[in-house]
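Number of protein chains: 2
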Amino acid sequence: MNYYEKTIKSERLYEGAIFDMEKLTVELPNGKIAYRDVIRNPGASVIVPLTDDGYVIMVKQFRKPIEAVSLEVPAGKMDPGEDPLQCAQRELKEETGYTAEKFKKILTLHPAPAFADEALHVFVAKGLSKGEASPDEDEFIHAFKYKLDDVIQLIQDGVIRDSKTIASILFTARLLETGGLDF
Amino acid sequence: MNYYEKTIKSERLYEGAIFDMEKLTVELPNGKIAYRDVIRNPGASVIVPLTDDGYVIMVKQFRKPIEAVSLEVPAGKMDPGEDPLQCAQRELKEETGYTAEKFKKILTLHPAPAFADEALHVFVAKGLSKGEASPDEDEFIHAFKYKLDDVIQLIQDGVIRDSKTIASILFTARLLETGGLDF
Numbered sequence: 001m002n003y004y005e006k007t008i009k010s011e012r013l014y015e016g017a018i019f020d021m022e023k024l025t026v027e028l029p030n031g032k033i034a035y036r037d038v039i040r041n042p043g044a045s046v047i048v049p050l051t052d053d054g055y056v057i058m059v060k061q062f063r064k065p066i067e068a069v070s071l072e073v074p075a076g077k078m079d080p081g082e083d084p085l086q087c088a089q090r091e092l093k094e095e096t097g098y099t100a101e102k103f104k105k106i107l108t109l110h111p112a113p114a115f116a117d118e119a120l121h122v123f124v125a126k127g128l129s130k131g132e133a134s135p136d137e138d139e140f141i142h143a144f145k146y147k148l149d150d151v152i153q154l155i156q157d158g159v160i161r162d163s164k165t166i167a168s169i170l171f172t173a174r175l176l177e178t179g180g181l182d183f
Numbered sequence: 001m002n003y004y005e006k007t008i009k010s011e012r013l014y015e016g017a018i019f020d021m022e023k024l025t026v027e028l029p030n031g032k033i034a035y036r037d038v039i040r041n042p043g044a045s046v047i048v049p050l051t052d053d054g055y056v057i058m059v060k061q062f063r064k065p066i067e068a069v070s071l072e073v074p075a076g077k078m079d080p081g082e083d084p085l086q087c088a089q090r091e092l093k094e095e096t097g098y099t100a101e102k103f104k105k106i107l108t109l110h111p112a113p114a115f116a117d118e119a120l121h122v123f124v125a126k127g128l129s130k131g132e133a134s135p136d137e138d139e140f141i142h143a144f145k146y147k148l149d150d151v152i153q154l155i156q157d158g159v160i161r162d163s164k165t166i167a168s169i170l171f172t173a174r175l176l177e178t179g180g181l182d183f
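Protein chains in written order, with UniProt numbering: chain A, 1 to 183; chain B, 1 to 183.
Please keep in mind that the hints were generated in silico from the structure rather than gathered at the bench.
Where hints are given, some of them may not hold.
Over 12 Å on every C-beta distance to chain B, these chain A residues come out as not near it, computed from the model [as the list claims (entries may be wrong)]:
| id | residue |
| --- | --- |
| 1 | Arg36 |
| 2 | Thr51 |
| 3 | Gln86 |
| 4 | Gln89 |
| 5 | Gly97 |
| 6 | Thr99 |
| 7 | Leu107 |
| 8 | Lys126 |
| 9 | Ser129 |
| 10 | Lys145 |
| 11 | Lys147 |
The calculated label-pair distances, taken between Cβ atoms and stated as ranges, are [claimed, not checked]:
| id | chain 1 | residue 1 | chain 2 | residue 2 | range |
| --- | --- | --- | --- | --- | --- |
| 12 | B | Thr7 | A | Asp157 | 26 to 34 Å |
| 13 | A | Gly180 | B | Gly16 | 39 to 47 Å |
| 14 | A | Glu27 | B | Arg40 | 36 to 44 Å |
| 15 | A | Lys60 | B | Gln156 | 27 to 35 Å |
| 16 | A | Thr7 | B | Gly81 | 46 to 54 Å |
Keep in mind that this is a model prediction, so the values were computed, not measured.
Cβ atoms here follow ideal geometry from the backbone N, Cα and C, with glycine treated the same way.
The following block holds chain A by itself, in its conformation from the complex:
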């Protein structure tokens, strides 16, 4: 079965601070022409900061698109020239103040593959030491410590709705249960 959509034309419609937008003209497998609006951004790193005694460092911030304060694992987009691990180290420090001795990549996630090219690189961070957070000047974000089991309960209760957080936390819990996080 051929699923491939060949790009015939690509038009940049918008360039923004967080993402750009392109309209692609594609040829479908049946030869017909169709259009795809695509959001492009540089990707981001996501960190699940795990303490030795079973806590996770989470962050709270206002998410304008959903008009809500959202409880999430720390994350942030890659700076130019940065690799995913460097981004994870920097964002963990900036958003929570914590540094970590060890990082292990556990997942790559596409949050919205129907309309965005974004890839999220998910790391578990261990060997945590607390320091001072240093968010961007106009970034209102604060770190809180939760027991992993309580984070899972907040998912079950519908309080945590951020998809990357749910995928990352549940996968981390599964790895812990199966001994897959001994690093």
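With the hints as your guide, set chain B onto chain A.
Same frame as chain A, now just chain B:
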């Protein structure tokens, strides 16, 4: 702590087939002005179709933004006037051919709360009967049956990268293990 960003102005920059885009002018908690580019769409329903003998019905389709064939749980966006359950029933039938006797909502997900208002309504579907799929004319999508354990292995192997699929499958597995899916 006040996190709220008040909307000062909202400007529609783009209207597309899949999403619209707005530029919002907001007032930050410190009184400063900032801008937020926001993708708006009507939301979608996601279905985890579970057979009595531990299989999940999955779909394969090409996702142009990531230039890859993606293995995902069935999902599709809400038609005007449709509620999430109606959308789940319709999309399950269209994409896989299956109908289900029972649907249970298990999660609401925000796939990209940093830049999109999209909400995904995730249902587990049980009591499945197989019929004919009826995708849209230019939609190239096919259904495949996988053991739930094999889907989890494909997540672990990095083959499945769609965030809604990973969140939905891992949460379903957890509910099954804790008896939370007896409906």
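Okay, the hints, checked on the actual structure:
| no. | hint | in the structure |
| --- | --- | --- |
| 1 | Arg36 | violated, 5 Å |
| 2 | Thr51 | holds, 22 Å |
| 3 | Gln86 | holds, 20 Å |
| 4 | Gln89 | holds, 20 Å |
| 5 | Gly97 | holds, 16 Å |
| 6 | Thr99 | holds, 24 Å |
| 7 | Leu107 | violated, 7 Å |
| 8 | Lys126 | holds, 19 Å |
| 9 | Ser129 | holds, 24 Å |
| 10 | Lys145 | holds, 16 Å |
| 11 | Lys147 | holds, 16 Å |
| 12 | B:Thr7 / A:Asp157: 26 to 34 Å | holds, 28 Å |
| 13 | A:Gly180 / B:Gly16: 39 to 47 Å | holds, 41 Å |
| 14 | A:Glu27 / B:Arg40: 36 to 44 Å | violated, 29 Å |
| 15 | A:Lys60 / B:Gln156: 27 to 35 Å | holds, 30 Å |
| 16 | A:Thr7 / B:Gly81: 46 to 54 Å | violated, 34 Å |
Hint compliance for this structure: hints 1, 7, 14, 16 are not met, and every other hint is.
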